[in-house]
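J.: Take a look at the letters that make up each chain.
Number of protein chains: 4
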Amino acid sequence: MKKYLVEFIGTFVLVMTIGMTVIGTGAGALAPLAIGSALMIMVYAGGHVSGGHYNPAVTLAVWLRGRCSAADVVPYWISQILGALAAASVVLFLKGDAVATPADLKVAPALLAEFIGTFALAYVVLNVATSKNTAGNSNYGLAIGFTVMVMAFALGGVSGGAFNPAVATGITVMHLEKVANLWIYLAGDLAAGALAALTFKFINPEDK
Amino acid sequence: MKKYLVEFIGTFVLVMTIGMTVIGTGAGALAPLAIGSALMIMVYAGGHVSGGHYNPAVTLAVWLRGRCSAADVVPYWISQILGALAAASVVLFLKGDAVATPADLKVAPALLAEFIGTFALAYVVLNVATSKNTAGNSNYGLAIGFTVMVMAFALGGVSGGAFNPAVATGITVMHLEKVANLWIYLAGDLAAGALAALTFKFINPEDK
Amino acid sequence: MKKYLVEFIGTFVLVMTIGMTVIGTGAGALAPLAIGSALMIMVYAGGHVSGGHYNPAVTLAVWLRGRCSAADVVPYWISQILGALAAASVVLFLKGDAVATPADLKVAPALLAEFIGTFALAYVVLNVATSKNTAGNSNYGLAIGFTVMVMAFALGGVSGGAFNPAVATGITVMHLEKVANLWIYLAGDLAAGALAALTFKFINPEDK
Amino acid sequence: MKKYLVEFIGTFVLVMTIGMTVIGTGAGALAPLAIGSALMIMVYAGGHVSGGHYNPAVTLAVWLRGRCSAADVVPYWISQILGALAAASVVLFLKGDAVATPADLKVAPALLAEFIGTFALAYVVLNVATSKNTAGNSNYGLAIGFTVMVMAFALGGVSGGAFNPAVATGITVMHLEKVANLWIYLAGDLAAGALAALTFKFINPEDK
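So the sequences go chain by chain: A, B, C and D. My numbering numbers the first residue of the first sequence as 9 and each following residue consecutively. My numbering numbers the first residue of the second sequence as 9 and each following residue consecutively. My numbering numbers the first residue of the third sequence as 9 and each following residue consecutively. My numbering numbers the first residue of the fourth sequence as 9 and each following residue consecutively.
Everything labelled a hint here was simulated from the structure, so no lab data went into it.
One copy or two, it doesn't matter: identical chains are merged, so the pair holds either way.
Capping the alpha-carbon separation at 27 Å, the derived lysine-lysine pairs in DSSO-like fashion look like this:
id: 1; residue 1: Lys209; residue 2: Lys140
id: 2; residue 1: Lys10; residue 2: Lys209
id: 3; residue 1: Lys140; residue 2: Lys11
Since we're looking at a predicted model, the values are computed, not measured.
Model the full structure from these sequences, guided by the hints.
T.: See the structure below:
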């Protein structure tokens, strides 16, 4: 139960930061710094309890890599999505006046962007937070959080920059994305998480 | 005595940075980066002496969690508020020409924003700086300082973004907030610190 | 083989971030933060497998310092250049509409800027990632990635700020630099990598 | 000799970054991020050889605290000033067209700003890089470098934000400050370094 609460709190903080910095008068060009840092602080705070995923695609990747029990996968996903929905409610209350306009996405570029960004994120997570070679480091949160910052700067204009199905759900509820595009995030992000797990196993053959 | 001096210095640096970067020609959109980093550097510098709270709500949370002696709580609070007042005096001297206009706050959104931001801050502090599981890490200052940066980007436009009763006192003296709104910070921030301590105990039951 | 894949992935992420944040509506003035952080995250993710060079000049420096086998040098260079070319293809696809205008360079200032920036980068890499005195630290990725950020802010306007022959190849394919100027990067960057290795040996005489 | 070379290189990189990001079309509002990070990377790269001072006021503070031999003080100062002069020459060459206008300073506010900023810097250096309690941490460079970033954001508009007599020399040669104001930096910065050493001894009485 405590792991699920930690996943709920972390995803809440991440999605609330996205909504508050992107809608209306938010953080402007600096929003990716705020968003990536929101993930960083929650990874540092909750990683020792739940692993600090806050992202169904990361949970999938960590499970495939063998560092998340099968029984935890669905409860993690539910906690993450509930955290995103709670955050969306808070954002809609606090940003009452501001109206978000859903971005227009082109399917192929958006799928590619989500795939690349989520692959990078899960690849970094597995290597800095689950590898025997890097155990005990103090940089895992910085590396993970700033991967989202980098990918939001690089690819946010193409796909909206979710790299996370729970975030995609939250920003759809906040009217930043269209319901009709939600499948792009689910398909692109989960496929990327799975490929990242395979890649990790290939480059770390001795690390079971 | 040395602990109180460290709390005074750290709160002074934090509140001086707020005043100098927010009033008049300051750091503009980058002010949250400067402010969060000010907290980070003081946590790294003074944490080994006083714990590096610089915030009455954090002192409350650390005391409830059992890592601050009851005899230290009030002297910490006094040191923090004196540091904030000293910083406000320096800012008023250095920014003599610039006039700060107190923000207009709506009570419910401001209370909610202060509560969320301070909860996140105290939750991060307790997990990265007082948990047995994360002992010895080098990221505690980065995580704590950047929590204030994230929350200032996300919620600063709603509540002014103090997340700290000593900061609230300092920015009121600098005319950035109205005296009539000071209770919002005291109530919201201290309640959030208390809830963060309860949350920490729930998710770390074995960590006494 | 796994080391070469890691070098390919890291250089891909670095060069893709450069193209996506610099061409058209990218990250504007914040591009150096995104680019330096892209290197940082890949160093943290892949350093334990390949050393995390992502840069032929760094591979040269690490080989001269004695921490990269001679048999790996050419395969590393090929992996890095292939990663850069793959990234350029993705950027050209995603930025289809935007047209990059090659920068006009003055030879002497550009050579000097590339030399200084790449010297700083290789000097930092050797000291934070291959020195016995700093072994086991958690800051190597931050130091290495932010060296590129600093040098891009300081010298990007003079030379385009590659500090990396693979990056130079990638940005030439993306039309950000002219083919006729490619030699500036090859000559300036490789010479700087070699001097950094000599400097490291001079200041760390006991570290073989 | 190797220690002096490291001090020369680090101060060169710091002062070159200042000149290139502040004069003409530099890094604009982001200059403090570049400058603080320049110090950070050089502290991480050279700290294990020379201590990574790059600042006569820091050398004074570290000597008073007992972690720098008396015989090294003057050679360190000379290396730092030579590094600053070399950087100023490079900046004047690369920024040939751009003209820097010396800032107009008011003596009392500038002295106070330099004193506060340099006190914070030396206080952080002594606590994160010379204290027994924090030995072995990986955050010393981040804390030290970002102190300069914070103080440049907060106080740069008042004093020019040198916090370092070698930097003050360099920016005077680059025409960013007037020769007649150089004494402000010497007096304010060295006095602050001395007070920081006394403060460190008071709050760490058992740490000889």
